[in-house]
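Residue strings, one per chain:
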Amino acid sequence: MNKNALLFGGVALLYILTGFFQSWNTALAIFNMGLISAVMALGVNIQWGYAGLFNVGVMGFVALGGLATVLVSMPPVPEAWSAGGLRMIGALITGAGTVAAGVLLFRRMQPGKARALAALAVFAVGFVAYRALFDPARDAIEAVNPALVGYLGGANLPILLAWPAGALLAAGAAWLIGKTALGLRSDYLAIATLGIAEIVIAVMKNEDWMARGVKNVVGLPRPVPYEVDLQDSASFVETAAWWGLDPATASTIWVKLLYGALFAVVLLLLIWLTQMALNSPWGRMMRAIRDNETAAEAMGKDVTRRHLQIFVIGSAICGMAGAMMTTLDGQLTPGTYQPLRFTFLIWVMVIVGGSGNNWGSVLGGFLIWWLWIQVEPIGGALMNVITLPLPDDSGLKAHLLDSVQHVRLLTMGVVLLLVLRFSPRGLIPEK
Amino acid sequence: MDLLNAFVALLNFVIVPATAYGSQLALGALGVTLIYGILRFSNFAHGDTMAFGAMITILVTWLMQAIGISIHPLPTALLALPFGIAATALMMLATDKWIYQFYRQQKAKPIILVMASLGVMFVLNGVVRVIIGPGEQRFNDGERFIIRARDFKEMTGLSEGLAFRTSQGITIVVTIIAVIALFWFLNRTRTGKSMRAYSDNEDLALLSGINPEKVVRVTWILAAILATTAGVLYGLDKAFKPFTYFQLLLPIFASAIVGGLGNPLGAIAGGYIIAFSEVTLTYAWKKVLTHALPESMAPDSLVQLLSTDYKYAVSFTILVIVLIFKPTGLFRGKSV
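Taken in sequence, the protein lines are chains D and H. Read in this note's numbering, the first sequence has 61 at position 61, and its numbers run on one by one without any break. Read in this note's numbering, the second sequence has 15 at position 15, and its numbers run on one by one without any break.
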């Protein structure tokens, strides 16, 4: 415990030093994303640390959480709804109904040629009907003032509701994936999640009627006040003056603190819940399954079901973190979801922090996120020193300076490999 | 109604591109399946290995172009390919020695090896982007076409043209050569036979005096040859971009699993199955149907089942269907 407190103290010191040497705004910005990263790492740790499930599609679940913020919080676009909203709903119901009917038919009928043909026929007819409804609806919706809206909008609810909604959306996707890929060989889940992440991003980039695709949705409502409003409020300016701060700086710091408090509540709640779960009979069962599946199965545990359960829970947490992140950004930009940033970086956090240990993942989240942000300026400065002897107009110098951002990937890969090899239990090992 | 023109259009827009793409996938999937058969893990670094091999080949190509070596009308990259293969093989042997060997000796779970391969992927990705940059590179300097669309029209008098690009021809020829050589190696040579024995039953193979480390080394070299060739062919046919190669991982895995992981024949079949499904589902059939159907039935819409942005969804859907109904793949791969 002493060593752990020291580790957390060390990471806290990193953030505090950032505050003193760079600025408190920067330190708080990194800290807020660190909180979100810690939540993501908790989600992945539940899957990997508790159950040994390898999820390579964290990005997809995070992106689904982001989508939820738009669907929940943006005001609806009445013109788009009247142009094609109901037809779109009809199309989606037709699509879902086709899949359900096909699956039901397949389950009910006797195996044989008749069943295959009938299922194919259902899918073919359903697909044609779906496209007949979907295409005109999509075109009509996207034609509504495409420069500003061109999508259906959301439910106009408070954005904080998007956090559980994001968790639900991610959980649904995880259930579908888990249902097909769990219970087979362990690599299959990895491959299937890799695929679903790519597809989620492709859908979010291309389905403009849903959340404007790569045109991005900006100006999401905020759960905290705007800086401008704070600067206009006399009482706030007065308080800021009492602290000896100018209103502009004080307002940005205050907003970040409010966000940080919201995220911290979620994180603490999750840590409490996961710790409770880990130390409950359920947690012991999970670890038993992870350590020896055959023995657990012999004791009458349904391994595949438990795996599905934990996979859904972990993905839901990632989805919630995704919604939190989009809330913090204030915009949904599907083009910025990169697997290296949103899947593999989270993995590095979990492995470095200590897989199987919730505190370890949280520590890893804060530490690795801080490094991820700070390594770039440090790397840039280093590269500047290295390339100093080269003439300013040399192509090699420009190329080396350009490549600094890619060095980050390389560093993270090396860190992952080194930790996996020499300290596989991480900074705070599982008890 | 004009069936001949419909057929030419089908050939031009579906069959020829899908065959070339399928060959590239088949070569990639062969590498994945070989590694799976011998080392028993799914190598996530395979896409980036292809990118690495292609990158070295491109660098050597540029060097050769600078010196003035060329084999026109063929692209210079073919001449540079052996250098790319050699560098990739060395790189893979080094990663095996530094990374995978340790876990093999520990008898770690396959998923740990998968995770290590993820780390390797990360590093390779970084290396490729640092050296050549994340942008798109075109390096096909040979003759562009074997048959040009216009020449074909003049030759046959049809209204539809058939274009057959050199890169497509090279892809198909090189794939046939590579596959024949691989199967000859696996079925006829002593090392190849010991590889198959090791893949079928590790304990029995060890008992009969097969050196496992040698088998593993040969596997990595074969995988390097296949990955580099696939990467260069894909780059010649389309363009080289590091991120595209990472994305190729999904169709390649899908091909290998559809055919049955660990089964080389299955990997080839899987490659073509995935490529043909992808192209047929994302191709706008209007042109072909307009020729093939009587005028009154000609379609107004594009008759495109899926937008090309969703081509990866096709491989994914096929993967899911295979996982649900036949997890060992069409050609009975390993199920463990």
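Be aware that one or more of the hints could be misleading.
[Unchecked claim] Below, in silico cross-link-like pairs of lysine-lysine (DSSO-like), each with a Cα-Cα straight-line distance of 27 Å or less:
#1 K214/H <-> K113/D
#2 K397/D <-> K241/H
#3 K241/H <-> K214/H
#4 K238/H <-> K205/D
#5 K153/H <-> K286/H
#6 K238/H <-> K193/H
#7 K241/H <-> K215/D
#8 K179/D <-> K241/H
#9 K3/D <-> K431/D
#10 K431/D <-> K238/H
#11 K179/D <-> K3/D
#12 K301/D <-> K326/H
#13 K179/D <-> K109/H
#14 K214/H <-> K205/D
#15 K205/D <-> K179/D
#16 K431/D <-> K153/H
#17 K301/D <-> K109/H
#18 K205/D <-> K241/H
[To be verified] Computed far set for chain H versus chain D, every beta-carbon distance over 10 Å:
#19 F44
#20 L93
#21 K109
#22 L124
#23 D151
#24 K153
#25 T189
#26 E202
#27 I210
#28 V216
#29 Q247
#30 L265
#31 P299
#32 D309
#33 P327
#34 L330
It should be emphasised that the hints constitute simulated quantities derived from the structure, not laboratory data. Backbone N, C-alpha and C define an ideal beta-carbon position, used for all residues, glycine too.
Review point. Of the hints stated earlier, which fail here?
Key: 1, 3, 6, 8, 10, 11, 14, 16, 19, 21, 22, 29, 32, 33
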